[in-house]
Amino acid sequence: MRDLSTARVALLGLPRTGKSTYLGAIWQLAQDPQVPDIYEVDFRGDRSYLQRLGDSVARCTELEHTEVDSSEGMQLTLGFQDSRTIRVDIPDLSGELLNQLVEDRHLQTRLSDALDAADRLALFVHPEKVDEPISIAAAKQILLLAQTSAIGAEVESGSALEDERAVGSAASLSAEKPDLPSFSIQKACTAAKYIDALENIANLGRDRWPLKTAVIVSAWDTVDQPDEISPEEWLSSRLPGLASYLEANAEMFHHRIFGVSALGGRCHTPEQREALRARGPVRDRVYGKTSAGIQVPLSMALEWTLFD
Amino acid sequence: MATSPPSDSAIPEPDASATPAAIPEVPATPDRRLFTSDASLALPEVEAVLKHRGATVVALMGEVKWGKTTLLVEVWNAFLAAKSVNEVHMAGSRTSFAFEQRAWYSRLASEARDGFTLRTREEEDGFLHLRVRPSGGDLVELLLADYSGEHFRRIREGVPIRQELPWMTRADRFLVLVNGSDYALSHEREIILGRVRRQIHALRVGNVVANTGRVALVLTKADQAPEPTLERFRHDANGLLELCREVDSEARVIETAARPADGSPARGLVDVVDFLVSPDPVVGTTVGDEGPNSANFARVIARIG
Chain A
1 MRDLSTARVA LLGLPRTGKS TYLGAIWQLA QDPQVPDIYE VDFRGDRSYL QRLGDSVARC
61 TELEHTEVDS SEGMQLTLGF QDSRTIRVDI PDLSGELLNQ LVEDRHLQTR LSDALDAADR
121 LALFVHPEKV DEPISIAAAK QILLLAQTSA IGAEVESGSA LEDERAVGSA ASLSAEKPDL
181 PSFSIQKACT AAKYIDALEN IANLGRDRWP LKTAVIVSAW DTVDQPDEIS PEEWLSSRLP
241 GLASYLEANA EMFHHRIFGV SALGGRCHTP EQREALRARG PVRDRVYGKT SAGIQVPLSM
301 ALEWTLFD
Chain B
1 MATSPPSDSA IPEPDASATP AAIPEVPATP DRRLFTSDAS LALPEVEAVL KHRGATVVAL
61 MGEVKWGKTT LLVEVWNAFL AAKSVNEVHM AGSRTSFAFE QRAWYSRLAS EARDGFTLRT
121 REEEDGFLHL RVRPSGGDLV ELLLADYSGE HFRRIREGVP IRQELPWMTR ADRFLVLVNG
181 SDYALSHERE IILGRVRRQI HALRVGNVVA NTGRVALVLT KADQAPEPTL ERFRHDANGL
241 LELCREVDSE ARVIETAARP ADGSPARGLV DVVDFLVSPD PVVGTTVGDE GPNSANFARV
301 IARIG
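Here the protein sequences come in this chain order: A and B. Residue numbers for the first sequence follow the numbering used here, so the first one is 1 and each next one is one higher. Residue numbers for the second sequence follow the numbering used here, so the first one is 1 and each next one is one higher.
These are computed hints drawn from the structure, not numbers from a lab. All values reported here derive from a predicted model rather than from experimental measurement. C-beta atoms are modelled at their ideal positions from N, C-alpha and C, and glycine is treated no differently. Be aware that a few hints might be false.
[To be verified] Incomplete in silico selection of chain A near chain B, CB under 10 angstroms: (1) E132; (2) I134; (3) A137; (4) A138; (5) S184; (6) I185; (7) A192; (8) K193; (9) I201; (10) N203; (11) S236; (12) P240; (13) L242; (14) Y245; (15) E247; (16) N249.
When you get a sec, could you build the whole thing from the sequences and use the hints?
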């Protein structure tokens, strides 16, 4: 048997940004003989972790992030549609580790070891977990426009005034400076958190620049008009600072943006879960999007990350 | 208090007495593994950035509540809100959270009714780091001084600039601020102009502007000055500019409204960013290939040595 090349991929993201779900869906697809895009060749270690992830995706249940953990990481060999095979070493998964770096300012040995070993990155961003840096001035402008538009259309302006009161009441809860909530890193905008994380990651991996990085917008089915917007456009619109950072640092990060729907839809309520299951097995529900918005197999983002 | 007379040379000679205090040695920090900081950078950390790849050190000069920190915050906000500011892309920061902290009360999430910036206290003095890339250009590391306005009051009152802020000898870009909201008050105007003149004078007699340095006179809070007042300012600015041009022949005026009180979009930030990334003037043959501030960086390193 010829020697296989090995890719070491660090799956990174703040907590609950879709890393485990993506891996669970990939595992389900790799086990499904009717899916030609990806298959399992070999696995070393404890399969139970991946199986639990895969089961959860198949059942359309949300993963409790404390429920599953893989402190040991995993090594598996995957085959892809064009007979290319590669040994994949996934050193770690926990979003808490990145969170500890960003919010607690503490670089855990597990994370630094994982990053020291990784030569590829998959960076997860969840559309429903983006805190944008909305300025008070911008909010007022939006409110003003809404009011103007409502008056122009001769619509009852009570709702706009209600909106103003909502903003005003939020402010007046703590009108005096001493009563205003103070800043903590948890309250920083999402772009700032990712930029801080990437600055540290780039520094740790500076001997391996450019780091091949898939930016994976998870839960793609939850973005507004997922068929009308591309992942690249989404990132530029919702996290322009992060998009700019990645583009301006081509020597540090060789990146590409993907969208993935690793569950196929929302599964917050029993009805949503039921509807999702009714659409069939995992292979019939999940999909990926290229940066330009072309629909591709879910495994495409991983495949791009793994192969040179 | 006595001040040093201006040198005949445009290039200030290293001041042996000021150097040790200005540039502390970088302490060994083997345990520190994070590349970024959640606070502004202290001088030893600034030193590390300068030694690593060089940087453009930016001094913002203005008294308390003249808008120095707000200008920095709104530049940061502008980079977060769009993929570029006039084709200049944000390429990173080692002090993202220090920016975020200063930006907090300009954000809706803070629950403040109107945006404001907490005043920088002396114990919070430090530098904010921003890495940018002009379109098609090289990365530019900016170290933006966020220092309390109290320093500039003391400089205005006669404390030599090298004594009050020794690092100013290392600055590459100088933004001399004019508080537009106070200037708009007729009874304050003369006082404001006098205070600005003192800052420019301090730059001149302190010999802190190298021949690769750039100076801009920056009107802040321009939204609070009606058009006739702005016209008047443009007239007064000519006189101030003449003084600035004694230290930088290409000194310019920038009018800004970084956070207009009426909530309208910011004005002048593009000009500020352009100024920060503008190339150094070519002086003789001293500018190398390493970057726009290489000549000044070499000067700084020489002083460290």
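(request) Go through the numbered hints given earlier and state which of them the structure violates, listing their numbers in rising order. (result) none
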